[in-house]
Amino acid sequence: MNIVLRLAWRNLWRHARRTWLTIGAMVFSNTLLVFMISLQFGMYGLMIDNTLQVFSGHMQIQAPGYKDDQKMRQVVPKVRPLAAHLRQELGTDLVSARGWAFGLASSEERSYGIGIYGVEPEFEARVSNIPGLIAQGRYLEKEDASEIVIGETLARNLRIGVGDELTLLGSGVDGSFAAAVVNVVGIFNSGVREIDRNIAEMPLGTFQEVFYMNGAGHQVVILAPDLDQAQALQQRVEAMLPADDGLVVHGWDALQPGLRQAIQADMSSAFFMYGILVILVAFSVLNTQLMSVLERTHEFGIVMALGLRPGRLGRLVMLETAMMGFIGLLLGALCGALFTTWFTVNGFSYPGMEEMVANFNLPGRVYPRATLLTMFAGPLVVFVFTLAAATYPALRLHRLHPVEAMRTN
Amino acid sequence: MRMFFVLSRLAWRYLWRNHRRTIVMLSAIAVGTWAMIFMTALTRGMVDQMIVDGISVIPGHVQIHDPEYLDDPSVNNRVAFSDTEIAARFSDAGFTAWASRVRVPAVVTSERESRGVTLLGIDPAAEKSFSFVDYDNVDGRFLEGPDDKGIVLGAKLAETLETRVGKRVVLMSQDPDNEIADRGFRVVGLFHAEMEATEESYTFVGKHTAQNMLRIGDTVTEVVFLGDDYRDVEPVYNKVVGLVDDSVRVSRWTEVDTYLGTMMGMMDGFMLIWVIVIFLALSFGLVNTLVMAVFERIREIGLMLALGMKPSSILGQILIESMMLLAVGLVIGDFLAWATIKPLESGIDISVVAKGMEMFGAASVLYPNLDINDVILSNVVVMILGFFASLSPAWRASRYEPVEAITKV
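Those protein sequences? They're chains A and B, same order as listed. If you read the first sequence in our numbering, its first letter stands for residue 74, the second for the next number, and so on. If you read the second sequence in our numbering, its first letter stands for residue 2, the second for the next number, and so on.
Simulated from the structure, these hints should not be mistaken for laboratory data. The C-beta atom is built at its ideal place from N, Cα and C for all residues, glycine as well. Careful, some of the hints might be misleading.
Stated by the list, open to error - Label-pair restraints from in silico Cβ distances:
| # | chain 1 | residue 1 | chain 2 | residue 2 | range |
| --- | --- | --- | --- | --- | --- |
| 1 | B | 400 | A | 480 | 30 to 36 angstroms |
| 2 | B | 313 | A | 471 | 43 to 49 angstroms |
| 3 | B | 313 | A | 465 | 36 to 42 angstroms |
| 4 | B | 274 | A | 161 | 50 to 56 angstroms |
| 5 | A | 87 | B | 269 | 41 to 47 angstroms |
| 6 | A | 345 | B | 163 | 39 to 45 angstroms |
| 7 | B | 187 | A | 209 | 41 to 47 angstroms |
To be verified - Pairs of lysine-lysine residues, derived as DSS-like cross-links and limited to a Cα-Cα distance of at most 30 angstroms, are as follows:
| # | chain 1 | residue 1 | chain 2 | residue 2 |
| --- | --- | --- | --- | --- |
| 8 | B | 240 | A | 144 |
| 9 | B | 150 | A | 144 |
| 10 | A | 144 | B | 356 |
| 11 | B | 150 | A | 140 |
The shape of chain B in the complex, shown without the other chains:
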């Protein structure tokens, strides 16, 4: 232990002997670390936002459907048991939130235009915690109950249809016998969403109204559940699986929207690759610095060895030197990253490329997300890889033949 302190002190002093070199290397490490964390925070923020927005459009972390429904979202593929039975099964099971709904493709027609939409027949009270619609940010009003006779459209859709609150539209879909099922609705509200595509494709009506229109009695096409954290839906998933039989399919959100599911996995992969790439770019400089540091004190090393210092201590001293260099650089870099990300946390406006971001499925305001796990991961990876990169120069230094080393000019 005492040896360690002695070596550490030595290492620290050696580090500052050639302060210019150390400062240049520190700057490199700091910039590298800053870039690692900054970039990761931006990307993490974007992906998180995408997932949060995305999940809010396919609401529900865990969902129950008919096994055929995801491939063929038709009214013919309804959940096998009735809505009453669903309520009986799940009401008292202790879920954070759950809802059952009717979700089918439909066509909405105004006097002027027609468009294809996704019809959502919902119970607004049960959906409150799921919905991507902020009930308070609706022109007009939102649905009041499952029996509401009105329809709520996206603001953008209403514009295309040239309709507005108070006017009537016709909704067309098919019933289980493939007869056209249609019904007139009065537009009671227009909702606003982050992305135009959302406003264009979703329309809300009362669940019972939808069931009547589609002539499907007391049945629904999906049941959805909310967990506490979208990253970890297993507890909810297992609980739901335990409550149903094989007649329905239980899916996690990552299976319902494979794009988002993939994005989340990719994010972690990207993060690691980025950290490693930066480290590799840094490693050349790091090894170089150590090689130089060793080279310019070969004679001293030889002298120490001749005086009886063990080769392992030389090895240790150089490794400590390298670790110190990295650690100081990392701390500065971490601080820089924190200092640059904090002021940006209220959001970066990138609406100049909003349409493009929409192709990624992302919104036009970017909220960097400084995740402590990302910071720890990048720091740890750099330290570990840095240790291995330093082994070779340190090893060489400890293997010098004392006599040769001392006489070296």
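So that you can see chain A by itself, here it is in the shape it has in the complex:
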């Protein structure tokens, strides 16, 4: 082993307790960082997936202005041929056309205002997970049947079940009165309160007829194979749209602006906390290394008098710190990984969390997502700050005068 390495290693264990305490501070912070970051990214992933896959998809083709106003007459004309065309051109099934209207749904006993979606029964399951969440009955089958599926809360509030009739009242695209009687064939349970309470789906063909859509719809939903490919796909779709229709493509962050911002807001407060933890560790290291340099003043004086350059001594101190930091990094990442893995298997929850996170379409138990990045990002930052903290004691050595130093005791 290199002599300098050996020297640094031995110096480190002169005060084993002090070194372990300093490493302890690192391990504590690292464990916390690994766990928190894994949990955070697990949550964000879930937030995005749940919100987008329940309904909005990775992108939507809409009439300009529809996103903000959601007015009936802001339509995508000939929506089904357009969706079919896209499916063919993109070579994917993850495309589905929809219409949306607001209406009053009345059962025998109750009436509620709800959002009614007209969907393509064969393709909706590719872009949304609602068809897969049918708790009773079945999902829609035919393009022009008088059927509807509704959310569980809505069914309870309306006091109806599968097989019952529901009357829909609303206004058509031209503002005229629209009404229909449809059969409830299925009830879904998405677990998201707002969706289960406010949403119904019926076949797009029937929808177009009831609301006088004249073949039009309001959105074409497209799902990319995964989130990372959404951007590229969006550009392809944009290039494919007929120029004269004036249709626009909105990406997921435009469709769900709250989602990205909620993540941003949460991230900034989380990073503030992480920053504080890292700074506290840095202080701890600074203190330790300052002590270790000060108590060796006499010794340093001697070796300097023997001809050792302050720069080399400084490197020695840095090396000691790096060794200490490295142990902290490894142990911290390890503890963090163990800790996180336990929660990855068992899920993480705390009392009251279910109510808290329901706003973000999250279930009451989340599973942290441990990746190499979440495992080492935090500990690496701690390591860098550890080294930065040690530069002050290391640089101080340059001001050391051998003779004076040897006199100190």
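The hints should help you fit chain B onto chain A, whose structure is shown.
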């Protein structure tokens, strides 16, 4: 007592013997304390604002409903006794403020669009202290009395409906026999609220007008009461419970909106966890500092013991030293927190993430809230935990064998 002063003086001098170490440790404690209080003030401010806004949307700290109403907010689930009787019971009972109202889901339709809303039939005079609508910040005018024939919509809703003050809209809901109950209204005012969701979902009409429209005679769906402080609604709750029988359900606001209720509880939990996490990160440095301080004066300690100082005095002296260190650090940290929060109290604009904050249920301006109880709690927790963390090094110091200690190099 005299002993205490002597020990304190000793401790203070020891502290400044190695001033660099003390200063580094003080900085760490100060930064930690600052972060504790700063973060807590921000979060507390956000949660307070959320609750204040939230309560203003579910106005009333204590509410009376039909037992079924909260699960099924239908016109069929009305308060069991008539509005006249309600007035007779509560008018002279000495409540800060109370009001009875009709609150049912409805659909509002303009020539262009329809939307689902919550219809509030109110007596504007009685609601003044509850309402989230600033009566003076209304385009047009607010309702003038329970018999007002006009309707007040949120500004955002009016935009979606493409309607404005002076135009007519139709309100549809159901009567107790599930017949459609509808009525035309002239829009008399548009209100503004902190959150878009509020502007989109609430519409106000006169209480008597609503009762006529819904054909529910002299009945209402809820009675609400205001206490002096939303944190402590028990006095009002108990008073209300004493005035009604089992035919209705009395609920605190925390039960009406479980999300907000949970948030308030979570806030205190979060605060404590945050303080403890920071303390733990600090504790390694603190213990380390004490271990070093003891180590470098083993000989002195041995000498004092040999001269007849009691081990308990050594223990006390080191504990005092640690407490002094913490206390000074805390004071600096508290001051820093105060100095950074004060200038921010007029509000921090976070409107770049407004949509995201809305998902949390929070507004886009953050008002930090420096709660003295939070400050006291964090200081006390640090002192107490700090005391226990210092016990081990102090104990070890007091157990030295004088002869061994003196001869130690």
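Status of each hint after checking the structure:
| no. | hint | in the structure |
| --- | --- | --- |
| 1 | B:400 with A:480: 30 to 36 angstroms | holds, 34 angstroms |
| 2 | B:313 with A:471: 43 to 49 angstroms | holds, 45 angstroms |
| 3 | B:313 with A:465: 36 to 42 angstroms | holds, 38 angstroms |
| 4 | B:274 with A:161: 50 to 56 angstroms | holds, 55 angstroms |
| 5 | A:87 with B:269: 41 to 47 angstroms | holds, 45 angstroms |
| 6 | A:345 with B:163: 39 to 45 angstroms | holds, 43 angstroms |
| 7 | B:187 with A:209: 41 to 47 angstroms | holds, 44 angstroms |
| 8 | B:240 with A:144 | violated, 48 angstroms |
| 9 | B:150 with A:144 | holds, 27 angstroms |
| 10 | A:144 with B:356 | holds, 21 angstroms |
| 11 | B:150 with A:140 | violated, 33 angstroms |
Violation of the numbered hints given earlier is confined to hints 8, 11; the remaining hints are satisfied by the structure.
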